[in-house]
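Novice: Below, each chain spelled out in residue letters.
4 protein chains.
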Amino acid sequence: MQIRTDLAMESRELAGGLSGISTYTLQHGAIEETRVCIETEEAARALDKARGTYITLARPGLAQCLAGERLEMSRAIAEALRGLLPPNGDLLAVGLGNRHMTADALGSRVLEDLLVTRHLKDLPDESLHGRLRGVCAVAPGVLGVTGLETAEAVKGIVEHVHPAAVIAIDALAARESSRICTAIQITDTGIRPGSGVGNHRAGLTKETLGVPVIAIGVPMVVYASVIARDALGMLLQDIGMDEAAHAQAVDTLIGKLARQGMGELVVTPREVDELVGRVGRIIADGLNLAFQPHLSEEEIQLLSHDGP
Amino acid sequence: MQIRTDLAMESRELAGGLSGISTYTLQHGAIEETRVCIETEEAARALDKARGTYITLARPGLAQCLAGERLEMSRAIAEALRGLLPPNGDLLAVGLGNRHMTADALGSRVLEDLLVTRHLKDLPDESLHGRLRGVCAVAPGVLGVTGLETAEAVKGIVEHVHPAAVIAIDALAARESSRICTAIQITDTGIRPGSGVGNHRAGLTKETLGVPVIAIGVPMVVYASVIARDALGMLLQDIGMDEAAHAQAVDTLIGKLARQGMGELVVTPREVDELVGRVGRIIADGLNLAFQPHLSEEEIQLLSHDGP
Amino acid sequence: MQIRTDLAMESRELAGGLSGISTYTLQHGAIEETRVCIETEEAARALDKARGTYITLARPGLAQCLAGERLEMSRAIAEALRGLLPPNGDLLAVGLGNRHMTADALGSRVLEDLLVTRHLKDLPDESLHGRLRGVCAVAPGVLGVTGLETAEAVKGIVEHVHPAAVIAIDALAARESSRICTAIQITDTGIRPGSGVGNHRAGLTKETLGVPVIAIGVPMVVYASVIARDALGMLLQDIGMDEAAHAQAVDTLIGKLARQGMGELVVTPREVDELVGRVGRIIADGLNLAFQPHLSEEEIQLLSHDGP
Amino acid sequence: MQIRTDLAMESRELAGGLSGISTYTLQHGAIEETRVCIETEEAARALDKARGTYITLARPGLAQCLAGERLEMSRAIAEALRGLLPPNGDLLAVGLGNRHMTADALGSRVLEDLLVTRHLKDLPDESLHGRLRGVCAVAPGVLGVTGLETAEAVKGIVEHVHPAAVIAIDALAARESSRICTAIQITDTGIRPGSGVGNHRAGLTKETLGVPVIAIGVPMVVYASVIARDALGMLLQDIGMDEAAHAQAVDTLIGKLARQGMGELVVTPREVDELVGRVGRIIADGLNLAFQPHLSEEEIQLLSHDGP
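Chains as they are written, first to last, in the working numbering: chain A, 1 to 308; chain D, 1 to 308; chain Y, 1 to 308; chain C, 1 to 308.
Take the hints with a grain of salt, since some may be wrong.
Over the 12 Å line for every Cβ pair with chain A, so calculated as not near, a few chain D residues [said to hold, decoys possible]:
#, residue
1, V135
2, T146
3, I157
4, R201
DSS-like, lysine-lysine: derived pairs with alpha carbons at most 30 Å apart [claimed, not checked]:
#, chain 1, residue 1, chain 2, residue 2
5, A, K155, A, K206
6, C, K155, Y, K155
7, C, K206, C, K121
8, C, K121, Y, K121
9, Y, K155, Y, K121
10, Y, K206, Y, K121
11, D, K121, D, K206
12, D, K155, D, K206
13, A, K155, A, K121
14, Y, K206, Y, K155
15, A, K206, A, K121
16, C, K155, Y, K206
17, A, K206, D, K155
18, D, K155, A, K155
19, D, K155, D, K121
20, D, K121, A, K121
21, A, K155, D, K121
22, C, K155, C, K206
23, A, K155, D, K206
24, C, K155, C, K121
25, Y, K121, C, K155
26, C, K121, Y, K155
To be clear, the hints were calculated from the coordinates, so they are not data collected in a lab.
Backbone N, C-alpha and C fix where the C-beta goes; we use that ideal spot for every residue, glycine too.
Can you make the complete structure from the sequences, with help from the hints?
Specialist: Written out as structure tokens, the structure reads:
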């Protein structure tokens, strides 16, 4: 039975020394950047992740930190994105998830502070003339609410808008509760089927949409069964159980939890409503900085919804 | 200067005895049904409305009335819709407007209680087997928020979903404040450019989307300049001003108001937030009844989000 | 180390055969009623619960069940409350918790559908004349948001309003995840310090407020440490660990989890936002039925905000 | 018939040269400050306003202006408040109005960004030690929702909390639509019965609460009948109607409008939801600056909910 995680850096921890993967870690002030490159199909299969680059920016207590420190994270997001975005052309931001379910609302939340410019870029405003990159945004909702696969709706819009790239924002499931709202993953592999808190049935990838898809995700939940498994692991180590017996004991337990419906319960901080708002703002600022290289930080703040 | 109204029955009042128009009025209990058929291009131009059928269902105090009376209105909506819907095929409901602006939030509000079934209709649930019509729903947002023309987004989705018809729900501007939240207009002419509280730039019509478009609208505002003009009309009549002088006086005044920015101010009841919720529910129930003829009223209530 | 639960029926399960406690269980259709009476101070100390009566009404899948079944639960709540309410005098409903934090928002949610009548009961409406019991309602918020202890605010209002009783609604923490949103506890012991998802610092009791306090609570979360502990318990039983070693292993583990901050993480269903809305409505209907014995079910539905 | 306005500066315009009133106007950059002092009972009666000081800070396009300009307004609010606040003691902020009705939601909105400190001021945090003034906050709701007079609820809390002053925030009705969301009135006369968008039945004054009450209000609506009357006034002037005939014509019209229910309709900008958010933030920043003189602007931003 597979432990569910959407963070590549957590898969790496599970996989041990596998070939076809390169990783490195950098420290920028309080922010730790981990880059995982999955280079071969074998490695991709072993980790159950697509080939490509996964950048994770982590900072303990991210949502609680001060305004200046949050701006540092927004800049780090922008820096990471700049290496992945095509140099020209309109961009389409897609906020995934269900805005009525707090732990799955990150995507819609980010769009609230995103600087949307596609309809403005040809306006004869002298001060901005020629300096705005066209950005548009949609929050397509989830299948149970709309009756539409997210991929269907996005594909239809992509074919009319012809963006140079799609940037999809999503809430993720992690393996460690300490990652909730403290790590941001950016990847050029798009959104895979079955990933995210909302468990997307179809993916959003270059193959399905015909344009590059960059995915930005933040862990918002850990499945309750994962917490139980980790608790168990600690204990079995303490009591010196041998490895084979350990693995079997864990599998038996997970099976029991699943039969009790615990697999669908999620672990999340009590204050998740507030955290979504703060992390959403940090990401929106990061996107605005990356998307509008010809505007100053001040101009972006003045143009975005509520100023600084 | 044109008085802005999205209700065909109000245009008719303005136009007087014009040829190429047929109208009739029926009373069903407390509900008054007015049908306006615009049959010629001349009549269409004179009224600044597209050719087609406009059905208005009106009931004083609609939002305040009792549960049973609201259900009567939902049934009347369903009855009117049944005559306009294609007999077979999936339906796409489009909630127009801006959910963050109360007077323009009706479209999104209706979707909250709509029975979405397109992803369920092939489920092997015996009791429903073969009895669900496929319905899907999108709330594409407004240009200033998304950077996308509503028509672009809807066209893209229509091309992937291939619905038999689009049903678009929108908040309207009226000429009489007594119509706010008391009248519901249903038309087979779709959404015209420039109509609605949000002033759509592009329309949603059979010509642009390739499938029939039925529009359902409720007056939510009157423009302040219209109130001023009507107040003036009453007075000038009282003081016996002659007609030519009257018309000139009104035009002078409307010009002054426009220069003071009053034209953009809207008149709306203080409790509009609450009214949108109630009227939205009435319309959603009407759509559910019309869309699912093979389900009983009880089944619809049990399947829809919050039951009766 | 104490397992945190706000449900008396769960304390009872932990405590085993203790004297000074009487319990009984009744089945009303699909609803199971458990009554725990804590009769002595010794029993109260052993269970860490106040002396008094605790009624739990449980129904699997409560929030998902059909309209008619939900009404059955509302009637069962009303029946249980009738035995605890004073026969005459105004009633003050207090919605506890933080409306901005989903798992703690139940109290505010219930107030949205409560029939508030204290300002209406002297109106000369013939049809209602003399038949309304005066009900008022406050949602005082939480200390971190208001700077006020809930108990301070409620005490001040009680001294001006002089209600015959206070009815406080709160979100609870449980020990079993299967209880989340499926059980409703009603007690005449009021709200105790440290209880509820929001961990109230001061209590609301007859001693502090001077009038009877009836508390109505629904489990919305389980602490993550409890899930871990239960998972562990299952396993240790499987591997035949002896009881003393078991207890020590569990304590060691819980200590480790607490040091990792898992103790503050809560386990909750992903769709908790939706569940709060549905259970809140069930409770509001139950309160309305209990508070207004001289109105029919139909009259209550017509007077309450959105009808049936 | 009285024109309804809650702005003293508008009463003054109506009253002409009355004795017992002193006024002056100052320009601070783009902000115009108007101070009206009503010094005698005669003047108070003539203006239908209580004796005391009314400071209005006005800036065209306030809600749309840039971050730096908004901060200037917050500083001007703080400066005006400092002259009215008692030097020591806890402060109680009261957010009046109905948070479910957009045009009446300003009070609750301001509380969302207010720095609440009463429960923190004795914490042994070295950096803040002895520098925080105790602030607490309540949003008591409206009579129709709670069954409680606002004045009852606030009086009960005041008697328990013993604040040195109450600061009440409210949405106002104005006479000129150009004042909506562009002017902020600060007065030491408290809240009078019948004022505000919600039409408070009882007032909040030093007489009723026993402590000084400072009221802060922003015009959010103009009654539709006022718009009609003003439109009329313009026209009658144009056509050279004599003054007595004019007055009679206006009264006849207002009577007619009232009979049509237009008196209860309000005129408000379409984007009022957004404006309430922005003006609420400006006021909250102003209160935070005035309430916490021992904190720097930076510290206030770091402590307040979302930082700058």
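Novice: Look at each hint and say if it fits the structure.
Specialist: Now for the hints, and whether the structure bears them out:
For V135 (chain D), the shortest C-beta to C-beta distance to chain A comes to about 6 Å, within the 12 Å cut-off, and the non-interface label is violated. With a least beta-carbon separation of about 5 Å from chain A, T146 (chain D) fails to lie farther than 12 Å from that chain, contradicting its non-interface assignment. With a cut of 12 Å on Cβ distances, I157 (chain D) falls inside the contact zone with chain A, its closest approach being about 4 Å. Residue-level check failed: R201 (chain D) sits 9 Å from the nearest beta carbon of chain A, not beyond 12 Å.
For the suggested pair K155 (chain A) and K206 (chain A), the alpha carbons sit about 11 Å apart, so the restraint of at most 30 Å is met. Using a Cα cut-off of 30 Å, the hinted pair K155 (chain C) and K155 (chain Y) holds, with the two alpha carbons roughly 11 Å apart. Distance hint between K206 (chain C) and K121 (chain C) is fulfilled; the C-alpha atoms sit about 26 Å from each other, no more than 30 Å. A threshold of 30 Å between alpha carbons decides the hint, and for K121 (chain C) with K121 (chain Y) the separation of about 43 Å lies outside it, so the pair is violated.
Using a Cα cut-off of 30 Å, the hinted pair K155 (chain Y) and K121 (chain Y) holds, with the two alpha carbons roughly 24 Å apart. For the proposed pair K206 (chain Y) and K121 (chain Y), the alpha carbon gap of about 26 Å is at most 30 Å, so the pair holds. Taking the CA atoms of K121 (chain D) and K206 (chain D), the gap is about 26 Å. The hint holds against a cut of 30 Å. Distance restraint check for K155 (chain D) and K206 (chain D): the Cα-Cα separation of roughly 11 Å lies within the 30 Å cut-off, and the hinted pair is therefore satisfied.
About 24 Å separates the Cα atoms of K155 (chain A) and K121 (chain A), which keeps this hinted pair within 30 Å; it holds. For the suggested pair K206 (chain Y) and K155 (chain Y), the alpha carbons sit about 11 Å apart, so the restraint of at most 30 Å is met. Between the alpha carbons of K206 (chain A) and K121 (chain A) the distance comes to roughly 26 Å, so the proposed pair stays at or under 30 Å and holds. Restraint check for K155 (chain C) and K206 (chain Y): the C-alpha separation of about 22 Å stays at or below 30 Å, so the hint holds.
A distance of roughly 22 Å separates the Cα atoms of K206 (chain A) and K155 (chain D); the hinted pair therefore holds under the 30 Å criterion. For the proposed pair K155 (chain D) and K155 (chain A), the alpha carbon gap of about 11 Å is at most 30 Å, so the pair holds. Distance hint between K155 (chain D) and K121 (chain D) is fulfilled; the C-alpha atoms sit about 24 Å from each other, no more than 30 Å. For the hint pairing K121 (chain D) with K121 (chain A), the CA-to-CA distance comes to about 43 Å; that exceeds 30 Å, so the pair is violated.
The straight-line distance between the Cα atoms of K155 (chain A) and K121 (chain D) is roughly 23 Å, inside the 30 Å bound, and the hint therefore holds. A threshold of 30 Å between alpha carbons decides the hint, and for K155 (chain C) with K206 (chain C) the separation of about 11 Å falls inside it, so the pair holds. Our distance criterion of 30 Å between C-alpha atoms is met by K155 (chain A) and K206 (chain D), whose separation comes to about 22 Å. Proposed proximity of K155 (chain C) and K121 (chain C) is supported: the alpha carbons are some 24 Å apart, at most 30 Å.
Note on K121 (chain Y) and K155 (chain C): the hinted pairing holds, with a Cα-Cα distance of about 23 Å set against a maximum of 30 Å. Note on K121 (chain C) and K155 (chain Y): the hinted pairing holds, with a Cα-Cα distance of about 23 Å set against a maximum of 30 Å.
Checked against the numbered hints above, the structure violates hints 1, 2, 3, 4, 8, 20; every other hint is satisfied.
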